[in-house]
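Student: Let the hints inform the model, and build the full structure from the sequences given.
Here the numbering used here is used: the first residue of the sequence shown is 1, the next is one more, and so on.
One or more of the hints may lead you astray.
Unchecked claim - Once the Cα atoms are required to be at most 27 Å apart in a straight line, the calculated DSSO-like pairs of lysine-lysine come out as:
(1) 85 - 125
(2) 40 - 76
(3) 483 - 345
(4) 571 - 470
(5) 225 - 261
(6) 495 - 571
(7) 63 - 124
The hints are simulated quantities; they were obtained by calculation from the structure and are not laboratory data.
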Amino acid sequence: MPLKKSQMQKTTLLILFTFSSLCLNAQTDLDSLHGIWKDKTKSDSIRIRAFNDYISEGYIYSKPDTALVLADSLFKFTKKKKNIKGNAMALNLIGYAYYMKGEYVEALENYNKSLATRKEINDKKGIAQSLNNMGIIYRRQGDYIRTLDSYQESLKIYKVLDDKLGAAKLLNNIGNVYGDQGDPQSLEYYKRSLKMYEEIESKDGIVNPLNNLGISYAELQDYPKAHEYYQKVLRISEDIGDNRGVAMTINNLGSLYERQKDYNNALIHYEKCLKIVQEIGHKNGIINSLNNIGRVKSALSEYVSAIENCKESYKMAKKMGSLYLQKEASECLYEAYKNLSYNDKALFYHEQMLAFADSLKTEETVKKLQQMEFSKQVLADSLLQVEIDLKEKMAYQTEVQRKNKSKNLALGAGIFFLLLSGGFYSRWRYVKKSKAIIEKEKDRSENLLLNILPSEIAEELKEKGSADAKDFDMVSILFTDFKGFTQASEKLSAKELIEEINHCFIAFDLICETHGIEKIKTIGDSFMAAGGLPVPSEDSIKKTVLAALEMQSFISNRIIEKDELNEMSFKMRLGIHTGPVVAGIVGVKKFQYDIWGDTVNTASRMESSGEIGKVNISEGTYALLKDDPEFTFESRGKIQAKGKGEMEMYFVETKLK
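Tutor: Below, the structure written as structure tokens:
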């Protein structure tokens, strides 16, 4: 399942390679900077600046943890010396170190403190810098409205200061915000940024808008234009000795060729990129390049070689903990193994790919909702501006009519006003129509979120931006598992295997919905659901058992259907246990609603200790349900359960069977 062209361009290019002005400048003499810091004969301001540069140049990118420790010592020094400007500088540096560690909440907290300190001493350039840094964090968090506000406020200050370098940087950053929304206005900002960088002849800065223009035109499928901008970036990067920029641009060119199905040229560029990133030790770049090479080799039917590249990519991505990179490598391996008819391995990596994709989809859904809110705010601002403009024009026309009683002028002004009102009316209709479209898209995004999370959790997530973990005293956990799945997979193609699993799990989804129990997740060929959360109910145990019996009934009927067609079918074990659990979402990114506790482990043992076609329940579940006249129970006595010892178990059936 190859990536869509737009996905391949954006994710591969924007996420894994970034330009850094520090990487483009000549290496600062760190020993000299440290020597100035240690020289107590020099002024505090000079020492503070030197130590700030020493930390920035020597540690912030390569060893952010060390940078954080050093920045904290700088902060304590500036506080002791009552050097307010240096104190703000140290806070900013601490924020940057947290940013490099990916700890955005802490980064934003320190940037805010730095901003407040700089406002105290009216350090306008420092204020602009802090606002820009805060905008970067907001963008990382997907809060585009605050991002744009911070960037525009920073840009205003740079313009007042006539700081063209700062203004050029902010124009490019604002372009990125619109680019994230797929808004064509991004091109305008990139071009303005490019023009300003050209005016001040800043080679290390000019590559940013040039590269972004290349990516934008690639998205628009204007490949010659994209190629033109990438070549400009490549020449400048080579001229200033920026190996990282050279690697990024060669990667971008490879992606252009891949978009156009020129796989041989794409492979040449990806392999050249790999060589450079290996030389400079850029781990993200290495993983990305290996995966790109594997994907292109699969397209060239070089499947064995593709597997070698993508396996190495998967291994490194797993070690790094990058969900996106693991998903890309899994997709590459799935395609290669599928084409070699290695169905077991193809299935394994397909399941991995789907699991990673589900997590990423959740993150993308939240981002989509934030984008909808951004567009809604932009439209609201547009409507407000229409109203303000109309009122101003009306006031102006009233004043004209009051001062000049001439009939001809009054008539002319009236006609002008009618035309203007017509224009505003047309604009209002356009904005209203656009708003309706955006509301429709927002509804679609919200429905997608509800497919991923329980409705109560989704609402809490939208309102607070997070969802608190909760304790539940009485939850029934249901586990299913197909017996002989590995043997069955050897007799079916990967496509047939996945289609059959999907057919069964879709039926299970509908059964869960019918009985009001919550699907938690699928794990390979296992299905997990729970009754009694996120909203507890008195009949949740009964509903869970009824759902389990219906699932087994579905599988039994499916076996009959498949036998009549002389086709392979799955036989299933199913187990239930009831008890306390903790449920919630862990983390801010790549989250998933899940449950934890010994109840989950025991439920899993009920499944593995069960029998085909039966619903096996624990003694605890039996005790809570035994008096219900709708069910009959068969005691199994004590059964050995892995890691639990001997446990009382029961088979349950409904009398209506």
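Student: Does each hint hold? Answer for all of them.
Tutor: Hint check:
This hinted pair checks out: residue 85 and residue 125 have alpha carbons roughly 11 Å apart, not beyond 27 Å. Note on residue 40 and residue 76: the hinted pairing holds, with a Cα-Cα distance of about 16 Å set against a maximum of 27 Å. Of the pairs offered as hints, the one joining residue 483 and residue 345 holds, with about 19 Å between alpha carbons and a cut-off of 27 Å not exceeded. At most 27 Å may separate the alpha-carbon atoms for a hinted pair to count; residue 571 and residue 470 exceed this at roughly 35 Å.
A C-alpha spacing of about 18 Å is found between residue 225 and residue 261, which places the hinted pair at or below 27 Å, so the restraint holds. Taken as a hint, the residue 495 and residue 571 pair is honoured in the structure, with Cα atoms around 19 Å apart against an allowance of 27 Å. Between the alpha carbons of residue 63 and residue 124 the distance comes to roughly 30 Å, so the proposed pair goes past 27 Å and is violated.
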